[in-house]
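Peer 1: Take the sequences, apply the hints, and build the full model.
Chains as they are written, first to last, in this note's numbering: chain A, 1 to 346; chain B, 1001 to 1251.
Be a bit skeptical, because a hint or two may be false.
Unchecked claim - When the alpha-carbon atoms are kept at most 20 angstroms apart in a straight line, the in silico EDC-like pairs for lysine to aspartate or glutamate are as follows:
#  : chain 1 : residue 1 : chain 2 : residue 2
1  : B       : Lys1250   : A       : Glu87
2  : A       : Lys183    : A       : Glu121
3  : A       : Lys188    : A       : Glu31
4  : B       : Lys1009   : A       : Glu93
5  : A       : Lys286    : A       : Asp272
6  : A       : Lys242    : A       : Glu252
7  : B       : Lys1009   : A       : Asp94
8  : A       : Lys183    : A       : Asp206
9  : A       : Lys142    : A       : Asp94
10 : A       : Lys286    : A       : Glu252
11 : B       : Lys1009   : A       : Glu109
12 : B       : Lys1214   : B       : Asp1225
13 : A       : Lys60     : B       : Glu1248
14 : A       : Lys305    : A       : Glu202
15 : B       : Lys1250   : A       : Asp76
16 : A       : Lys188    : A       : Glu124
17 : A       : Lys183    : A       : Glu34
18 : B       : Lys1009   : A       : Glu99
19 : A       : Lys188    : A       : Glu121
20 : A       : Lys32     : A       : Glu77
21 : A       : Lys135    : A       : Glu99
Note that these hints are calculated values from the structure, not bench results. All figures in this text were calculated on a predicted structure; none of them were measured in a lab.
This is what each chain is made of:
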Amino acid sequence: MLGQEHSIEVNNLTKYYGPVMAIHEVSFNVEKGEIVGFLGPNGAGKSTTMRILCGLITAKSGSAKICGIPIASNPDEIKRRIGYMAENNPLPEDMRVVEYLYYRGRLKEIPRKRLKDRVEETLELCDLNRTARRKVIANLSKGYRQRVGIADAILSEPEVIIMDEPTIGLDPHQVLMIRDLIKNLRGKMTVIISSHILSEVELCCDRVIIINQGHIVACGTSESLRNEFINNTTYTLNLKGKTEALDSLLREIDPDLVISSSPSDINEDYYDLELTTPHTHNLSEKILTRLYEHPQFRVRELRRKVPNLENIFLAATRRSWDEDIPLSINKVDSGKKNNQETGVVE
Amino acid sequence: MNHFTCLLKHELRALFIAPSTYVTGVIFLLLMGFIYILILADFTLQPHDNLPTEYFFQLYWIPVFFIVPLLTMKSIAEERRMGTLETLMTTPVTATEIIFSKFLAAYLFYCLLWMLTLGFPLLVNLTVGSSAMTVRLLDPATLLGGYIFVAISGLLFISVGIFSSSLTRSQLVAGMLCFSILFIIILGVPAVKTQSIGWFEWLEGALEYFNNFKHLEDFSRGVIDTRHIVFYFSYTTLVLGISVLITESKV
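Peer 2: Have a look at this one:
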């Protein structure tokens, strides 16, 4: 491998389940030490991509490499370099937490001398040491079970950690704890997380990949995606005064700034108004200064709405639906561009 | 090899802490004890040419029909249903190691259960011990031949159980499938052979080779024929090999 080696490298990965397309020409890279969120609606192809990355299933075409090693030709080598936490976090019900981690440690080829220390470290890191250590997994609460799953994924200190919905069904305290845990891994291990909790991904991931109907529809940092998908800025204004006079005043501030909603409650003195502009630069100060110069308007509140990941997600997935991506193999020109590179899958 | 030992230990531990294992063991020993008593009772009523142990081993198929499905139906099907097979396959463990560890654990337990039946003639001999009785109850050739047959045929039966379990995620389906295949192997082959008329005749030689009762006959006489050993070993390898392929492709 020459030059910069990506931790995860996926090129034109395609997978069909019978005639149904799961993913189609999916390509992305993840750098070393990066935490990447993998988002998409149900059935978008997230789990399929993750299962291919783990070497559990093979793709129809395309190539996928982990640490520069092609997955299809070296599945055994890949399994030594990844930690995987499956969807729904399956665990054997009849084992104790500490027994399970020792068992997994042995299977993951952690040297015998190091195993005890590593299990203790992981138990401590996942806060399993005090209450859950000797408990039978079947008797654990959902939050503790998730921690055991995460502990298993990070146990052998793999270079790449793949987690399929690690925060599903957790209470806010546990989500916070798992978020901190994932943040602690930044820089040391490459982490790829799929999740439905978008605020969660926004808080702990460096970068976001959004997949829909088997295609990557967006990839980048929250900020870059915001600029790409959200083309306008919305301000919420709570004020007293006549709306008719306000219109011309706003045009003076920015010719494209318009009132996008009718007053919330005209019977009240103060009412809410939404203003929209296609420009992204902040106009809050200008608006406030202009309104202050006109005493017929009394402003009580001005908010600039920053679009969150949820807005970006909805915009990105909606755009891909609008483009009407074909779902069936019959509609897809199956012969096109199956770039067969080194380490081609199947 | 390290993985295999680790998996085998895990499987044995899982077997020995599961209540179902002990229930299976008790049912097996009760049934076999009952069969042994019936055989002895029959021996007290009328004279027989053969030894009681020979009759005992001729009924080996009765426990096989329920013990083997009970022991094996959970192995892969349950792991697949729970999703733990998937997490197991993301470690550097191969499907061959998984299948063989599960097979060996179930097989060792199967052999252990059969070994416990050695207690029946020993107990009878201890209670009503006379030198004439000892010779008939504890005839070494019959006992050794019988147990070797059970151990060697057990390889194939347990592998059929593991194979059935690898096909589905439902334990019930795995159990029923295992029972059906065992029924065909053990009772179906002799049934076809006895019914063979006309176009079945050309199959007679092959069916004879598949007939478990014929194998048992040789073993109980103390004849250890390598043909039978090759038969059981080769079919076990074939069935387990198919199970490995199924497990690899159906994670």
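Peer 1: When you check the alpha-carbon spacing of Lys188 of chain A and Glu31 of chain A, does it fall within 20 angstroms?
Peer 2: With Cα atoms ~12 angstroms apart, Lys188 of chain A and Glu31 of chain A stay inside 20 angstroms; holds.
Peer 1: Quickly compare the C-alpha distance for Lys60 of chain A and Glu1248 of chain B to 20 angstroms and report which way the hint goes.
Peer 2: Given that 20 angstroms is the threshold and the Cα spacing comes to 17 angstroms, the pair holds.
Peer 1: Sort out whether Glu93 of chain A lies within 20 angstroms of Lys1009 of chain B, counting only the CA atoms.
Peer 2: Holds: Lys1009 of chain B and Glu93 of chain A sit about 17 angstroms apart, inside 20 angstroms.
Peer 1: Quickly compare the C-alpha distance for Lys188 of chain A and Glu121 of chain A to 20 angstroms and report which way the hint goes.
Peer 2: holds (15 angstroms)
Peer 1: Take the C-alpha atoms of Lys32 of chain A and Glu77 of chain A, compute the straight-line distance between them, and say whether it is at most 20 angstroms.
Peer 2: holds (18 angstroms)
Peer 1: Is the hinted pair Lys1009 of chain B and Glu109 of chain A satisfied, with a Cα-Cα distance of at most 20 angstroms?
Peer 2: holds (16 angstroms)
Peer 1: When you check the alpha-carbon spacing of Lys286 of chain A and Asp272 of chain A, does it fall within 20 angstroms?
Peer 2: holds (18 angstroms)
Peer 1: Quickly compare the C-alpha distance for Lys1009 of chain B and Asp94 of chain A to 20 angstroms and report which way the hint goes.
Peer 2: holds (15 angstroms)
Peer 1: Would you check the hint for Lys183 of chain A and Asp206 of chain A, treating anything up to 20 angstroms between C-alpha atoms as holding?
Peer 2: Holds: Lys183 of chain A and Asp206 of chain A sit about 10 angstroms apart, inside 20 angstroms.
Peer 1: Assess, step by step, whether the Cα of Lys188 of chain A is no farther than 20 angstroms from the Cα of Glu124 of chain A, and give holds or violated.
Peer 2: holds (18 angstroms)
Peer 1: Holds or violated: Lys1214 of chain B and Asp1225 of chain B, Cα atoms, limit 20 angstroms.
Peer 2: holds (11 angstroms)
Peer 1: Is the Cα-Cα distance between Lys286 of chain A and Glu252 of chain A 20 angstroms or less?
Peer 2: holds (10 angstroms)
Checked against the numbered hints above, the structure violates none of them.
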